[in-house]
Amino acid sequence: MSKPAHFLIHTAASARRLQASLAPQGCTYDPVLGAWLLDGTAVLLVEIPDRSLPGTKKNDIETGEDQKGE
Amino acid sequence: MSRDPEVLILGSRYDLTCDFVVAALLRKGVPYLRLNSEDLPTADFELDPSAATLTVDLAGHRFQVSDRNLRSVLYRRPTFLRLNENKTSDARSELLRVHWATFMRSLVLFEGAGWVNHPSQTYLAEHKAVQIRRASALGFSVPRTRIANTTAPIPAVATTDAQIVVKGLDTVLFRELEREVFGFTQFVDVAALSDDELQAAPVIMQQALQDKTDLRITVVGETVFAVEITRGGQPIRGDWRCASRDAEYAPTRLPREVENRCLALTKSLGLRFGAIDLALQDGRYYFLEINPTGEWAWLVDAAGLAIDQAVADLLIAGR
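Quick note, the sequences are listed as chains X and R, same order. Numbers 0 to 69, taken from numbering that gives the first Met the number 0, label the letters of the first sequence in order. Numbers 0 to 318, taken from numbering that gives the first Met the number 0, label the letters of the second sequence in order.
The shape of chain R in the complex, shown without the other chains (with noise of 0.2 Å):
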C-alpha cells in the first residue's frame, strides 16, 4: 500500500466509528492514516504550512500528506474545547491537551480536500438554535421551542399541554467522583417546573410530541439513510436513547420532500455528512436535531445499512 495517504482519519483512538471506515477503505484498497489525539506524542511531525505538506513518522513508517494525493479528511475531533474542573489541571497534561488539539485542527490548511465535516462548519451546526431556524426556514416542521432560564416561556411552547420537553442547550454530561453521570430528554409535567431550578443556566424548552415515532436520519453526501426506532414494535416514550439497549432499528423510505429537506438542511450548514433525528406523529414529521458528529456505526448492525461504505465512497469522491 502506497505510503501517501489519500484520506486522512483525524479521530480518537477509541472511536470505534473510524476502525468502520477503516475496514470500508481497505476493503477498497484506498491509502490511508489515522491519527488519534492519544497518539499525537507518540509520533513525528513535520508540517510545513507553506507548502501545505505534513510528515508523520508513525510506529516506524513514513507518511507523506499533501494537496498533491490528499482527497478528503474524516475529521472526528473537538471543533473547540470545554473546561473541566475535574480533569488533571497540571501544567503538562493542559499543554498536550490544548497544543494537539490545534494542531489537529491546523490540518484545515489541506484546504484542496473533501473535509467530514469542515471543523467551521461543524462549529456553526452544532449550535441548536441555528439548527431550529435553519430546519424552520426549509420547511420542516418544528416543535414549538423556547430557549430560556425562566419558566415565563411555558404557555408559549406547551398551550394546553400538560407536558414539556426540557434538554439542555448542549450535551448534558458530568462527571462526579468516579461516576459518569448523563442527562437525557425530559418530559415534564407542566407545573413540576420551577424557576429557581432553572434561572442558573438556559435549557431548551420544546413541545412535548406524545405517541411519536422517532426516525434516525443519516446523510452521508448525497445518500440518506432513514430508520424507524422501536421497541417491540411499538414507538417509545420520553428519549429512545433511554431504551436504546432494546430499541429495533429498521431501515424505512421518507416521503420525497421529507428527504430533500434533509438533504438540504445538510447542505444548508456546510455540511458532508449530518445525522438528524425527527419525530413522526400523526402523519407529520418534524425535526429535533441534527448532529455533525453523530453516531452511525451501530446501525451498519443493527439496520443492515452500509453507511460505512458510504462514507468511505464520499471521502475517497474528494471534495
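So here's chain X without its partners, still in its complex pose (with noise of 0.2 Å):
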C-alpha cells in the first residue's frame, strides 16, 4: 500500500510555470555596470517609474531565500 503524500507536498499549491527567461522584457544586462538597462539607453530598470518588475518564486516577493539551492 503505498504512502499518503506528505502534508508538506500536498498542501503545496501555489504553482507557476517555469519561465525560459528570467530575464526582464525590454531590458539588456550590462556586466560591467552590474544592472539590467532598459534596451538600447543607459536607463536602470529600477529607477524607472512605476516599472513592473518581473515576477519571481514567491508571488514578486520573495527570492533570496528559496535561491539558496542554486
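Everything labelled a hint here was simulated from the structure, so no lab data went into it. Fair warning: there could be bad hints in the mix.
[Claimed, not checked] Partial selection, computed: residues in chain R whose CB lies under 10 Å from chain X:
| hint | residue |
| --- | --- |
| 1 | Val-180 |
| 2 | Ser-193 |
| 3 | Tyr-284 |
[Stated by the list, open to error] Residues of chain X placed beyond 12 Å of chain R at every Cβ, according to the derived structure:
| hint | residue |
| --- | --- |
| 4 | Thr-10 |
| 5 | Ala-12 |
| 6 | Gly-25 |
| 7 | Asp-29 |
Treat the numbers as computed from the prediction; the structure is a model and nothing was measured. Here a beta-carbon is modelled for each residue, glycine too, at the ideal position from N, C-alpha and C.
Put the two chains together into one complex; each comes in its own frame, and the hints tell you how they fit.
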C-alpha cells in the first residue's frame, strides 16, 4: 500500500509555469555596470518610475532565501 | 570611476535587489564590482590567496580587489548547495555549479571587509530552531513551537486551539515537470493532521495566532525599518504572502523594547542585515522568523522606505 503524500507536498498549492527566461523584458544586462538597463539606453530598470519588475518565485516578494539551492 | 572596487556584490544576474544596491552606490559615486553566478565562466579570474588579491577581467575591463581597497561585501548567494534531482546532472554542469559556488564562498578570505552577511553567520542564522532559541532568550514572545514528524506534540502546541500552524523546516519549493510549486505556511484544523502525512519528514508545528497583524522588520546595521502588512486596511488571515499582490505595506514604529530586541537578535546571530517577521496579537509582538537573505527591494516603492540607501551606506561604512 503506498504511503500518503507528505503534508508539505499535498498542501504546496502555489504553482507557476517555469519561465524560459528570467530576464526582464525590454532590458539588457550590462556586466560592467552590474545592472539591467532599458534596451538601447543608459537608464537603469530599477530607476524607472512605475516599472513592472519581473515575477519571482514567491509572488513577486521573496527570492533570496529560496535561491539558496541554486 | 576607479576600477578598484570598494564594494563587492556577489549575487545572481536576476536578483534585482542587487540592482537597487548598484543604483544607490552609483548615486554615491562609490566604485563597486558585481559578480553574478551565471556570468563567472565568462570572465577571467586570478585569486592570490596568500596576498588576498583578486584580479577580474570582465567584458574588457580589469578590476583589482584587495584588502587595501575593499570595504564591504554584499553576499546574496547560497551558503550550501542543495541536491536537486530535477536539475541537469551532466558532469560539466555539476562541475560548473559546484566549483563556481565554492569560488564565490572562497572570497571570505577578504577578512578585513564588512560582510553583509558573512556566509558562516547566514548558515547558522538560517536554522529556525536556532532563531527561535535566540529570540526566546532575548525576551521575544514566541508562539508555542515544536519540530516533529508525528502528531504527538500537537496537544502541547495547540492546547485548546482548534487550529495549528504547520510549515516547512526549510523553504518548501519543488519543481515538478515544467511547474514550480511553493508551499506557504498552513493554518490547519488540529483534527485533520495524521501521522502518516508527517512521518517522512519533520515539520514545524506552531501555535496558530489568529486575528494577528503581520509586520516585516528590516534591520540594516543599526537602523530598523518596520512595516505593517494589511489588505483593505485589515489584518491578513493566514500567510500574508498568499495575498501579497493586494497587500498594503505601511511604515510603522515599533515599541522601543521590540525594536531593541530586533537589533539584539540580528547581532546575536552575527548578522548585519536581517528580515524579521513579527505578528502582533492582542498588543503582544510575537517573533516568527528572521531571514538573513530576506527580500526588501519591494518595500522601497511599496512602503516608500529608503532601505536601498541604508544598505549602500552600510556597505560604504565597511566593517
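A quick look at each hint next to the structure:
1. Val-180: holds, 5 Å
2. Ser-193: Hint on Ser-193(R): holds, closest Cβ of chain X at ~8 Å, below 10 Å.
3. Tyr-284: With a closest approach of 21 Å, the Tyr-284(R) hint is violated.
4. Thr-10: violated, 5 Å
5. Ala-12: violated, 8 Å
6. Gly-25: For Gly-25(X), whose nearest Cβ neighbour in chain R is about 14 Å away, the distance exceeds 12 Å, so it holds.
7. Asp-29: violated, 8 Å
The structure fails to meet hints 3, 4, 5, 7 from the earlier list, while all remaining hints are met.
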